[in-house]
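Engineer: With chain P's structure known, arrange chains W and F on it following the hints.
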Amino acid sequence: MLETSTLYGLLGIVLASLGLHAVILQTDTLRRVLAINILGVGVFLVFIATAYNGPDAAPDPVPHALVLTGIVVAVAATALALALRRRLESSAEDGDDE
Amino acid sequence: MSFDALLILDVLLAALLLMLAIAALHSHSMHQSIILFIVFGLVTALAWARLKAPDVALAEATIGSGVAGALLLAALRDNRSGSAITPSPGRPAWQVLSVTYLVIGLMLTAAWAFLDAHANNSGPRLGGLVQAELANSGVGNPVTAVLLNFRAFDTLLELAVLLAALLGVLLLGPARPAPRPAGPVVTQLVAWLTPLLIVSAGYVLWVGAHAPGGAFQAGALLAAGGIIMRLGGSRYSGLPSGFWMRLIAVGGSGVFLFVGLAAMSGDASLLQYPRDWAGTLILLIEIFATLSIAASLVLVYLGGRPDAWAPDQERGHA
Amino acid sequence: MNEAMALTIALPLFGALAAAAWPGRSSVIGILSVLLSGAAVTWLFTLVMTHGEAYQLLGGWQAGLAIALHADFLAAVMLLLTALVALAISVYATCYFRSPRDAARFWPLWLLLLAALNGLFLSADLFNLYVTLELLGLSAVALTALSGKRAAIRAALRYLLVGLLGSLGYLAGVAILYTGFGTLDMQQVGERIAVDPASEIALILMTGGLLLKTALFPLHFWLPAAHSNAPAPVSAALSALVVKAGFYLVLRLWTEVFAEAISPQGAMLIGLLGCAAIIWGSWQALKAERLKLLAAYSTVAQLGYLFVGLMLLFTTPMGQDYELVLGAIMLMALTHGFAKSSLFLAIGVVQQRAGHDRIAELDGTSQRLPATTFAIALAGTALIGLPPSGAFLGKWHLLSASIDAGQWLLVLVMSIGSLLAAAYVFRVLGHAFGNAAFASRPVNMALQEWPALALGLVATLLLGLGSHWIWAFLEISS
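Protein chains in written order, with my numbering: chain P, 1 to 98; chain W, 1 to 318; chain F, 1 to 478.
Be a bit skeptical, because a hint or two may be false.
Stated by the list, open to error - Simulated DEER-style distance windows between Cβ atoms:
no., chain 1, residue 1, chain 2, residue 2, range
1, W, Ala262, F, His51, 44 to 52 Å
2, W, Ser29, F, Leu419, 50 to 58 Å
3, W, His210, F, His51, 38 to 46 Å
Claimed, not checked - With a cut-off of at most 25 Å between alpha-carbon atoms, the simulated SDA-like pairs for lysine to any residue come out as follows:
no., chain 1, residue 1, chain 2, residue 2
4, W, Lys52, P, Pro55
5, W, Lys52, P, Leu7
6, F, Lys287, F, Ala423
7, F, Lys149, F, Leu293
8, F, Lys149, W, Arg77
9, F, Lys149, F, Ser27
10, F, Lys149, P, Ala58
11, W, Lys52, P, Asp28
12, F, Lys149, W, Asn136
13, F, Lys149, W, Asn79
FYI, nobody ran anything at the bench for these hints, they're computed from the structure. Fair warning: this is a prediction, and the values are worked out from it, not measured in the lab. For glycine and all other residues, C-beta sits at the position ideal for the given N, C-alpha and C.
This is chain P alone, in the form it adopts within the complex:
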């Protein structure tokens, strides 16, 4: 039967692909930011799935730390992207378009 690690690892790859697909094809900035975050979660899933050592043994803490760092970095980048978007949206009201 499918091992837990393998299942979640493959799930991560599928989620990452969904995110990648949306980043390339979507045009709206907010959607792209969502897609990048989902792509990130996919990659994190691969890390954490690798760290899982079964129900009895302790998991490998290093990928946990890496993913924690990754989550914070993703939120920081999201905040910057949203601020840039806000500036774009507000300056568009002043006349010049595209």
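Structural biologist: Chains W and F alone, transformed into the frame defined by chain P:
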């Protein structure tokens, strides 16, 4: 062959995550997409908990779903005055098809590679080394040990990343206007929730040394308190103004760097804490890091530079 | 040695924190930090030259558990390039960002960018590299958006999204490597690597992500807008240093981690993309209407040369020729770093004086700003690859290596590239000469014009005449 109940849970979680992701990415309403994304984050936290990663689950729920969700919802209101999000023009079919085929190809190759890699190496990887040195690290929680001792340099740089994002947000324009004072129900709710969040943050920070928790989760909880205060009508969510605001924002990285350099006495390397002091130093760093993270997250939620950031410089247009 | 490595990263970081906390004093703190970290880099460089390469395991833990820093000749050279170019840019920036408000926004982010670059060049840990890449990307994006103009913000947003995609691609590769080999240390992965699906996919993901950040054709689409709309000192840093960091990482990964997993076809592909970059970039630069756009496209083209060199590195057997090609790549990277930053700073001066940077309307600039025009000429010489610039020797060796390897396409493309570069440089200089009388003094705005001039002189004279040291040091270190 017996059906493992956990396997059913896993399959359900996986299916749920996939459906939420697809729905969030392809929904027609932006508002719906963001809500679905928040739920996606919470279910991801469940997945982390299932995979025995409680620290990550806490962080995902507070930061990845909570703070990120708050940021996205606030961003929804940034649209050009009056317009709801106009439906984006579709891409030509050939683009959609070619990208889809390419991504599917990449996905299948990556899946095959992952399966191969996983099959060939299912040892403890670095976990064994961590277990061996955990007693020397000064804390009992292996994830905290990795974050703040073994791989402390990564965490230091990560605080710098947060600072860079904060500085970027600050330079782009003034903060969003303060919300109007809230009605009695919200005000009562804020009055109850904020102290609760502050106490929880303190607890999570303290307990992070030997149980799931730590500076990042605590910082996010504090930030949540700040965001709630802001929603209740507060202007700066209780942050001090001027020099102290800036000092809190940079304090986490500053203390971390200072401790890391100060530890380099004799022949030591950067961030090599003296063994006896490791636990205390880690706690010290975590306290300042929590405050920095909380302040940074609240400030980026404000969406721009508040007047309080550098009051003596606020002459002229923003 | 440990202290030198730590200070190289810590000094700019401390400076950034101080500049953020005391915005009124940010210029002074900024220049001081750049000077001090330059001193630390010089110290580190001399230590590497005298004692050879060194590792530092941060925290004192064992290899694999700890993050490793690695200072060898290549890293030291890149650090030195960064320090010198950063010094020139900083001097220029004290004039460019004169108002306290602009200065307070520039310096903290600029110092964070420096810290990220220094950390990236020294790091030998795969995940640590990811964090430095993100720090580099976010600070670069924020600096690009500094002017607040709509075009700049749009370019910055695109730069951010593309950069995030690139770093996540890199991280995905790291995830697969960790799954397969159980470590994040570059040296350890290099020892355990084998020709299996995991390594190949990780190679593709990591290289793809880094190529996106290095703007190799066809993944360069974001660069012209970002580099041409950023303020002049930021454009100089982006073209001269930030994109080099991506190439440096590809070079490191290919030569140290994935050395056995690189197939000849993979190397050929990179080489072909490099050729396409040279032709496309030079052609677009020729057609450009604005100086900054020309310079940005020129960066796209010059990066192509670096990747052509990378391909040659893998088609050349170890030994004398290998060192020759490696030295040529480093020389090209160094020369381009100095030349491109010189060009962007000079363009900044022109833009401030004339109010615009349209090439067709540059008439008489050389008379009003003789020193700056001279700097543009020097930078242009280095970009074309005329003697005695460093690029001349670099291209010479790349050409001879291509001939030895029988890669006639590379020879053709590099020659055409040089011709096109000559065309667009002379086009600019031709417009700059008009009929007005010459200015009475050669240097009109000292602090603004000297940095560009100094960088141009290094690119064209120092590097060319002193380039034999590079090969000498390469032999010492190997």
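Engineer: With reference to the structure, classify each hint as holding or not holding.
Structural biologist: Quick rundown of the hints versus the structure:
Range check, Ala262 (chain W) to His51 (chain F): about 25 Å between beta-carbon atoms, so the 44 to 52 Å window is missed. The hinted window of 50 to 58 Å between Ser29 (chain W) and Leu419 (chain F) holds, with their beta carbons roughly 55 Å apart. Under the hint 38 to 46 Å, the C-beta atoms of His210 (chain W) and His51 (chain F), about 42 Å apart, fit the expected range. A C-alpha spacing of about 8 Å is found between Lys52 (chain W) and Pro55 (chain P), which places the hinted pair at or below 25 Å, so the restraint holds.
Simply put, Lys52 (chain W) and Leu7 (chain P) have alpha-carbon atoms about 15 Å apart, close enough for the 25 Å limit, and the pair holds. Of the supplied pair hints, the one linking Lys287 (chain F) and Ala423 (chain F) holds, its CA atoms being roughly 10 Å apart against a limit of 25 Å. Simply put, Lys149 (chain F) and Leu293 (chain F) have alpha-carbon atoms about 16 Å apart, close enough for the 25 Å limit, and the pair holds. Proposed proximity of Lys149 (chain F) and Arg77 (chain W) is supported: the alpha carbons are some 22 Å apart, at most 25 Å.
With a C-alpha separation of about 23 Å, the suggested pair Lys149 (chain F) and Ser27 (chain F) falls inside the 25 Å cut-off, and the hint holds. A threshold of 25 Å between alpha carbons decides the hint, and for Lys149 (chain F) with Ala58 (chain P) the separation of about 53 Å lies outside it, so the pair is violated. Only pairs whose Cα atoms come within 25 Å are accepted, and Lys52 (chain W) paired with Asp28 (chain P) is rejected, the gap being roughly 36 Å. For the hint pairing Lys149 (chain F) with Asn136 (chain W), the CA-to-CA distance comes to about 53 Å; that exceeds 25 Å, so the pair is violated.
Of the pairs offered as hints, the one joining Lys149 (chain F) and Asn79 (chain W) holds, with about 18 Å between alpha carbons and a cut-off of 25 Å not exceeded.
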